[in-house]
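Please take these sequences and the hints and turn them into a complete structure.
Chain by chain, the residues:
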Amino acid sequence: MLPAEHAAPSYLTDGNTLRSWLVTHDHKRIAILYAVSITFFFFLGGIAAALIRLELATPAGDVMSADTYNKTFTFHGVVMVWFFLIPSIPTTLGNFLLPLMIGARDVAFPRLNLFSWYLYMAGGIFTVACLLLGGVDTGWTFYTPFSTMFSNSNVMLTVVGVFIVGFSSILTGLNFIVTIHTMRTTGMTWFRLPLFVWSMYGVSLVMLLATPVLAMTLALIAAERLLGVGIFDPALGGDPLLFQHFFWFYSHPAVYIMVLPAMGVVSELITAGVRRRIFGYRFMVYSIIGIAVIGFLVWGHHMFVAGQSMYASIVFSILSFIIAVPSAIKVFNWTATLYKGDIAFGAPMIYALGFVGLFMLGGLTGLFLAATALDVNLTDTYFVVAHFHYIMVGGSVMAYLGGIHFWWPKITGRMFSEAWARFAAILMFLGFNLTFFPQFLAGAEGMPRRYHQYPAEYGLLNVLSSAGAVLLAASYLLPIGYFLWSLRFGERAGNDPWGAEGLEWTTSSPPPTHNFEEPPVVTEGPYAYTHP
Amino acid sequence: MTFLPEASGFAPRIDGLFYAMLGLSALVVVAVFTTMLVFAIRFRRGRNVDRSGESHRDLGIELTWTLIPFALFVGIFVWSIRLWIDMRTPPGDATTIHVVGKQWMWEFEHPDGQREIDTLHLATGQPVRLVMISQDVIHDVSIPAFRVKQDVLPGRYTQMWFTPTRPGTYDLFCAEYCGTDHSRMGGVAVVQTPPEHARWLASHAGGSLAEQGRALFTRYGCAGCHDAGSSVHAPRLDGLYGSTVPLADGRQVLADERYLHDAITLPGSEVAAGYAPVMPSYKDRIDEADILALVAYLKVRGTDRETPHASR
Numbered sequence: 001m002l003p004a005e006h007a008a009p010s011y012l013t014d015g016n017t018l019r020s021w022l023v024t025h026d027h028k029r030i031a032i033l034y035a036v037s038i039t040f041f042f043f044l045g046g047i048a049a050a051l052i053r054l055e056l057a058t059p060a061g062d063v064m065s066a067d068t069y070n071k072t073f074t075f076h077g078v079v080m081v082w083f084f085l086i087p088s089i090p091t092t093l094g095n096f097l098l099p100l101m102i103g104a105r106d107v108a109f110p111r112l113n114l115f116s117w118y119l120y121m122a123g124g125i126f127t128v129a130c131l132l133l134g135g136v137d138t139g140w141t142f143y144t145p146f147s148t149m150f151s152n153s154n155v156m157l158t159v160v161g162v163f164i165v166g167f168s169s170i171l172t173g174l175n176f177i178v179t180i181h182t183m184r185t186t187g188m189t190w191f192r193l194p195l196f197v198w199s200m201y202g203v204s205l206v207m208l209l210a211t212p213v214l215a216m217t218l219a220l221i222a223a224e225r226l227l228g229v230g231i232f233d234p235a236l237g238g239d240p241l242l243f244q245h246f247f248w249f250y251s252h253p254a255v256y257i258m259v260l261p262a263m264g265v266v267s268e269l270i271t272a273g274v275r276r277r278i279f280g281y282r283f284m285v286y287s288i289i290g291i292a293v294i295g296f297l298v299w300g301h302h303m304f305v306a307g308q309s310m311y312a313s314i315v316f317s318i319l320s321f322i323i324a325v326p327s328a329i330k331v332f333n334w335t336a337t338l339y340k341g342d343i344a345f346g347a348p349m350i351y352a353l354g355f356v357g358l359f360m361l362g363g364l365t366g367l368f369l370a371a372t373a374l375d376v377n378l379t380d381t382y383f384v385v386a387h388f389h390y391i392m393v394g395g396s397v398m399a400y401l402g403g404i405h406f407w408w409p410k411i412t413g414r415m416f417s418e419a420w421a422r423f424a425a426i427l428m429f430l431g432f433n434l435t436f437f438p439q440f441l442a443g444a445e446g447m448p449r450r451y452h453q454y455p456a457e458y459g460l461l462n463v464l465s466s467a468g469a470v471l472l473a474a475s476y477l478l479p480i481g482y483f484l485w486s487l488r489f490g491e492r493a494g495n496d497p498w499g500a501e502g503l504e505w506t507t508s509s510p511p512p513t514h515n516f517e518e519p520p521v522v523t524e525g526p527y528a529y530t531h532p
Numbered sequence: 001m002t003f004l005p006e007a008s009g010f011a012p013r014i015d016g017l018f019y020a021m022l023g024l025s026a027l028v029v030v031a032v033f034t035t036m037l038v039f040a041i042r043f044r045r046g047r048n049v050d051r052s053g054e055s056h057r058d059l060g061i062e063l064t065w066t067l068i069p070f071a072l073f074v075g076i077f078v079w080s081i082r083l084w085i086d087m088r089t090p091p092g093d094a095t096t097i098h099v100v101g102k103q104w105m106w107e108f109e110h111p112d113g114q115r116e117i118d119t120l121h122l123a124t125g126q127p128v129r130l131v132m133i134s135q136d137v138i139h140d141v142s143i144p145a146f147r148v149k150q151d152v153l154p155g156r157y158t159q160m161w162f163t164p165t166r167p168g169t170y171d172l173f174c175a176e177y178c179g180t181d182h183s184r185m186g187g188v189a190v191v192q193t194p195p196e197h198a199r200w201l202a203s204h205a206g207g208s209l210a211e212q213g214r215a216l217f218t219r220y221g222c223a224g225c226h227d228a229g230s231s232v233h234a235p236r237l238d239g240l241y242g243s244t245v246p247l248a249d250g251r252q253v254l255a256d257e258r259y260l261h262d263a264i265t266l267p268g269s270e271v272a273a274g275y276a277p278v279m280p281s282y283k284d285r286i287d288e289a290d291i292l293a294l295v296a297y298l299k300v301r302g303t304d305r306e307t308p309h310a311s312r
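Just so you know, the sequences run in chain order B and A. Just so you know, we're using my numbering here: the first sequence kicks off at 1 and counts up by one. Just so you know, we're using my numbering here: the second sequence kicks off at 1 and counts up by one.
Just so you know, these hints were derived from the structure itself, not from any lab. Any given hint could turn out to be false.
[Stated by the list, open to error] Residues on chain A that point at chain B, a partial pick, calculated with CB under 8 Å:
1. V29
2. M36
3. W65
4. T124
5. R147
6. G155
7. A175
8. Y177
9. T180
10. D181
11. K283
12. D287
From the three backbone atoms N, C-alpha and C, an ideal C-beta is built for every residue, glycine too.
See below:
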C-alpha cells in the first residue's frame with residue numbers, strides 16, 4: 001500500500017473486531033455483511049436445487065419421498081427468492097456502490113441500513129428453523145386453501161420468516177430513495193446518474209410499494225391458518241383467487257425487483273468493457289421507470305387458467321406484451337453500445353454479454369406466456385420453470401456475479417485470477433443452457449412442474465438438465481475458490497484497474513471509511529469515455 | 001412438439017401460433033446475436049478501426065426499435081386473443097361432463113350417469129364441456145395432447161371445452177400443486193370413435209345424473225321442505241334454473257349452477273326474498289359429486305325434461 005493512503009485507513013482496516021463489524025454504520029461493511037449472508041443462503045438453496053435435479057434424473061420417485069421432494073422445491077424457492085435473489089444486488093452492490101456513485105459519504109439512514117440487515121438475519125433464522133424442524137410443503141407461492149387449511153408442515157414459521165425479511169426490503173428501498181434524492185454530490189444531476197443508480201431508484205420504488213402487500217397477504221394467511229378467519233378458504237366463506245391476486249400483486253413486481261438491478265449492473269459492465277457511452281441513455285432511464293411502473297399492472301398473467309374472468313385475462317395479456325417493449329429497448333441499446341466500441345472481453349464483460357443473451361431468451365419466452373392461448377398449454381409446466389430461471393438465474397445471477405467480479409478490486413483492493421474467472425463465466429453460460437434449455441422442450445411437451453415423478457417420455461430431457469446442473473454447480477463453486485485466493489494472494493488493485501469511468505473509481509481501492517477525501521464535483525454525464 | 005400428438009380441435013391452431021412465435025423469436029435471436037458478434041469482432045480491443053464519431057440519429061433509431069416490437073406484439077396479441085375467446089366459449093351442442101377433484105384423484109360424471117375415476121372416455125368429433133369443482137384444495141385438469149388446462153377450485157365451478165379429434169390414450173395431469181401425491185394425481189383421457197364410445201356408454205349406463213339427483217333430493221331430506229306439500233315455508237324449486245331470483249337484501253341473482261351450488265353449501269349468503277334464512281348449511285354433509293347430481297336434478301325439475309331418460 002502506498003504510504004499516502006495510511007492517512008485514511010480503508011473501510012476494511014478501520015476496526016478489526018467482530019463487534020466493529022456487527023455494529024457498523026458503514027454502508028460498505030453492511031454490504032459485506034449482506035454478501036456473506038446471501039452467499040450462505042445461495043448455497044443452501046443451491047443444495048436444494050441439486051437434490052431436485054438428482055431426484056428428477058430418473059422418472060421414478062426413487063431418491064426421496066414425495067413429501068420430502070415437495071419440501072425440497074419449496075425450500076429452494078423460498079430461500080432463492082426471498083433470501084438470495086431479491087436482496088442480492090441491492091443489498092450488496094447497491095449498498096456498497098450507491099453512495100460511492102453519487103459522491104456521498106454514506107446512505108441517508110446508516111443505522112436503519114444496519115437494522116435492515118438484522119431484520120434479514122432474523123427472517124433467515126426463522127427459515128432455517130423451519131428447515132430444521134421438518135420443512136414446509138406449500139411451494140414458495142403459498143397457494144390457499146392448501147397453505148391455510150390443508151398443509152401439515154411448518155407454514156407459520158416460513159410465513160413469519162418471509163414477513164420479517166420483507167421489512168428488510170421495505171427499509172432498504174426507503175433508504176435508497178431518500179439517499180438518491182438528498183445526497184447527490186455537487187453537479188450530480190438526475191440525468192448524470194449512472195444507470196446502476198437509476199436501477200436502484202426503480203427497484204427501491206417497487207420494494208417500497210409492493211412489499212407491504214406481501215406482508216398483508218402473509219398476515220391474512222396467518223389469520224386464516226391460526227384463527228380460522230375465512231378469507232381465502234371457500235369452506236369458510238373465503239375466495240382462493242383473492243389470495244392469488246394479492247400474492248402476484250407483490251410477486252410479479254418482485255420479478256422486476258430481481259431483474260432491474262441486473263440491468264443496472266450490466267449497463268455499467270458493458271460501458272466499461274466497451275469504453276463507450278451507453279447508447280440511448282435517456283431511453284435506458286425511461287425504460288427502467290417504465291418497467292417499474294407497468295410491472296405493477298401485469299400480475300394477472302399468472303392467473304389465465306386460474307379461474308379469472310376471460311376479459312381480465314385479455315387486459316393482463318396486452319399489458320404483459322407492453323411491458324416487454326422497454327425490455328426490448330434495453331437489449332437493443334446494449335447491443336448498439338458495442339458499435340464503435342473498444343471492446344475487451346474480461347470476465348465481467350463475458351458475464352454481461354451472457355446476461356444479455358439469456359435475458360433475451362427469457363424475455364422472448366415470456367411473450368409466449370403472455371399470449372393467453374399459448375399460456376393455457378404452457379403454464380404450470382417446465383416451460384414456465386425454464387422461462388423464469390432464464391430471467392432470474394440466467395439474468396440476475398449472471399449480472400450479480402458479473403458485478404461482483406467487476407467491483408471486486410474496489411471492494412477488496414485485490415485482483416482475482418482473470419483466466420479462472422473467464423473460465424467460470426463461460427462454464428456458467430454453457431452449464432446454465434444445458435440445465436434449463438431442455439426444460440423449455442419438456443414444458444412444451446406438457447411436463448407439469450412440481451412433479452416428484454413423471455412419465456418416462458420426458459426422461460432424456462431431464463437427464464440433460466441434471467447433467468447441466470453439475471456444470472452449473474461447478475461454475476458457482478469456482479469463484480468461491482479464486483475469490484478467497486485473491487484475498488490473500490491477489491495482486492493489489494489500483495484505484496481504477498479497468499480504466500472505467502464513475503466516481504467509485506476515483507477513490508482508493510478499497511475506499512476509506514468516508515469514501516472520498518474531498519466531496520467530488522461532477523461536471524459531465526456518466527460514461528464519459530474518450531477514445532485513444 | 002416432437003412426441004406430443006395434436007388430438008383436439010384447438011391443438012393445430014395453438015401449435016400454429018406457437019410455431020409462428022418460435023420463428024419470430026428465432027429471427028430476433030439470430031439478428032441480435034449476429035449483430036453482437038459482428039460488433040464484438042470488428043471493434044475488439046487492439047484492432048485498428050475507425051471508432052470516431054457519435055451517432056446523431058439516436059431518437060429515430062430508438063423510436064424504430066420501440067415501435068416495431070410494439071406493432072409485432074399487438075399483432076401476436078390479436079391472434080392469440082381470437083383463439084383465446086374461442087377456447088373460452090363452449091358451443092351449445094357440447095356434452096357436459098362433470099369433474100370433481102380431490103386429493104389425489106379425479107372423478108368424472110357423464111350426463112347419463114356413467115362415473116369413472118382417473119379415466120375419461122371421450123368421442124372424436126363431439127365437443128365436450130367439463131364443469132369442474134374441487135372438494136379440497138386447488139387442482140388443475142391438464143391434457144397436453146389437447147393443449148387445454150384449467151384450474152379446479154373448491155367452492156366454485158370452472159369450465160373448459162374442447163373437441164377430441166384423434167382416437168388414442170393421452171396423459172391427463174393435475175397441473176396445480178396440491179400436496180403429497182400431486183405427481184400421482186392424474187390418469188388418462190381415452191378418445192374413442194363415436195360408435196366405440198356409444199358402446200362404452202351403453203355398457204356403463206347407470207341412472208342419469210338428474211335421476212341420481214332426484215333420489216338424493218329425497219335421501220338428504222330436501223323434499224321435506226321444498227316439495228309442494230310441505231308445511232315449511234321454503235322456496236318452490238320447479239323451473240328455478242335459469243330464472244332470476246329476487247333476494248332478501250334487494251339484489252337479483254341469476255339461478256345458475258353457481259347459485260344452486262352455493263344455495264346448498266352456503267344457504268345464508270343469498271336468501272330468496274320473502275323467506276326466513278332457516279335452511280342449515282349442507283357444506284359438510286354432501287360431497288361435491290352429490291351436489292353435482294342435485295344441481296343436475298334441479299336443472300330439470302318442473303320442466304318437460306324431468307321425465308326419466310329424457311334428461312339429455
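Going through the hints against the structure:
no. : hint : verdict
1   : V29  : holds, 7 Å
2   : M36  : holds, 6 Å
3   : W65  : holds, 4 Å
4   : T124 : violated, 20 Å
5   : R147 : holds, 4 Å
6   : G155 : holds, 3 Å
7   : A175 : holds, 4 Å
8   : Y177 : holds, 4 Å
9   : T180 : holds, 5 Å
10  : D181 : holds, 6 Å
11  : K283 : holds, 6 Å
12  : D287 : violated, 12 Å
Hints 4, 12, counting from the list given before, are not met by this structure.
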